[in-house]
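The listed protein sequences derive, respectively, from chains A and B.
One gets this note's numbering by counting positions in the first sequence from 1 and adding 69 to each.
One gets this note's numbering by counting positions in the second sequence from 1 and adding 2 to each.
Hint data in this document are derived by calculation from the structure and do not stem from the laboratory.
It is possible that some hints are incorrect.
[To be verified] Some residues of chain A that are not near chain B, with every Cβ distance over 10 Å (derived):
| # | residue |
| --- | --- |
| 1 | S72 |
| 2 | E85 |
| 3 | L97 |
| 4 | V108 |
| 5 | A109 |
| 6 | G123 |
| 7 | K137 |
| 8 | G142 |
| 9 | G145 |
| 10 | M150 |
| 11 | N153 |
| 12 | E164 |
| 13 | N167 |
| 14 | G169 |
| 15 | E170 |
| 16 | T188 |
[Unchecked claim] Taking lysine-lysine and the BS3-like style, the derived pairs with C-alpha atoms no more than 30 Å apart in a straight line are:
| # | chain 1 | residue 1 | chain 2 | residue 2 |
| --- | --- | --- | --- | --- |
| 17 | A | K137 | B | K49 |
| 18 | B | K26 | B | K48 |
| 19 | A | K112 | A | K102 |
| 20 | B | K49 | B | K26 |
| 21 | A | K102 | A | K137 |
| 22 | B | K26 | A | K137 |
Every residue gets a Cβ at the ideal spot worked out from N, C-alpha and C, and that includes glycine.
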Amino acid sequence: MNSIIAIPSENPGGLEANLGAHFGHCDLYTLVKVENGQVAEVKVIPNVPHQQGGCMAPVQHLAANGVKRLIAGGMGLRPLMGFNQVGIEVYHGGEARNVGEAVQAMLAGRLPVFSQEHTCGGGGGNSIK
Amino acid sequence: MPATIVLVSPRMNQWRAFADSLAKSLPLEIATVRTGAEALTAATEKKPLAMVIDASLEDMSGETLARRLLGINAMIHTALVSDLPSEAFHEQMEGLGIVMQLPAHLTTDQAGLLAQCLLRLTATP
């Protein structure tokens, strides 16, 4: 796997940082560049200010930074569909305790794809029909 | 090509002042449709900046349309007419990314507020 993975994180970011509970409201994003299945580079970028209905701003922000995968603990249906639309695969962070664990779990193939059932307010009978 | 806003309602005659005010506030084309099916087609063909959706359409609820639009183009901003109390609206629509709740009776005031909202959302950072 060669790609950039974004992980919503608490300050100060980095592999030891806690995961941000909800992607749109996180402090910042830790970007992990993976080459040949190994962590090659780690950097941190700020989140964009959150405003009602402005959930596409972080989607476009991450896409502009070359992100191809995102690990998230929670998000709404609209940003999930937005990520899918711009070609960013979203995975559910599961029980990972920090950014590093989440990345290793992804590289090991243990993270489920983030589905509509995982979304805040979505899932079940409220999914897209 | 100017951006497009699609107004979706079976009672467009009541939205005329709102539509005219919106057109004056923003450099965009206003398109109108009556049904959810027409709105979904417009979403694909016109790639609008935003849609203003009435609470109840002939073929589906406004909420259902807002959800189905996400499967076509999640970048379309949506404003939805609803008579739910604000807190209940936010809870029921959680995750849909709706930019504004609108009252059943739309006026030029709501047009101004929506225009300001869309300008904020589309401003280059």
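Worksheet item: So is G123 (chain A) really clear of chain B, every C-beta pair being over 10 Å apart?
Response: violated, 5 Å
Worksheet item: When you look at the beta carbon of L97 (chain A), is every beta carbon of chain B farther off than 10 Å?
Response: Since the minimum Cβ distance to chain B is about 16 Å, L97 (chain A) lies beyond 10 Å and the statement holds.
Practice prompt. Mind verifying the non-interface call on E85 (chain A)? Its CB should be farther than 10 Å from each CB in chain B.
Written response: holds, 29 Å
Worksheet entry | Given as non-interface: V108 (chain A), partner chain B, CB spacing beyond 10 Å | holds, 29 Å
Worksheet item: Is it correct that the beta-carbon of S72 (chain A) has no partner in chain B closer than or equal to 10 Å?
Response: For S72 (chain A), whose nearest Cβ neighbour in chain B is about 21 Å away, the distance exceeds 10 Å, so it holds.
Practice prompt. Taking the shortest Cβ-to-Cβ distance between T188 (chain A) and chain B, state whether it exceeds 10 Å.
Written response: violated, 5 Å
Worksheet item: Can we trust that G142 (chain A) is non-interface, i.e. its beta-carbon lies farther than 10 Å from all of chain B?
Response: For G142 (chain A), whose nearest Cβ neighbour in chain B is about 14 Å away, the distance exceeds 10 Å, so it holds.
Practice prompt. Would you mind confirming whether the straight-line C-alpha gap from K102 (chain A) to K137 (chain A) stays at or under 30 Å?
Written response: holds, 10 Å
Item to complete: Please settle this one: K137 (chain A) was flagged as non-interface, so is its CB more than 10 Å from every CB on chain B?
Response: The claim holds: K137 (chain A) sits with its nearest Cβ about 18 Å from chain B, beyond 10 Å.
Worksheet item: Does E164 (chain A) really sit off the interface, with its C-beta more than 10 Å from all C-beta atoms of chain B?
Response: Fine: 22 Å to the nearest Cβ keeps E164 (chain A) off the interface.
Item to complete: Please work out if K49 (chain B) and K26 (chain B) have their alpha carbons no farther apart than 30 Å.
Response: Holds, at roughly 21 Å.
Worksheet entry | Consistency of the no-contact label for G169 (chain A), given chain B and a CB cut of 10 Å | It holds; G169 (chain A) is separated from chain B by about 28 Å at its closest Cβ, greater than 10 Å.
The structure fails hints 6, 9, 10, 11, 16 and 22 (numbered hints given earlier, in ascending order).
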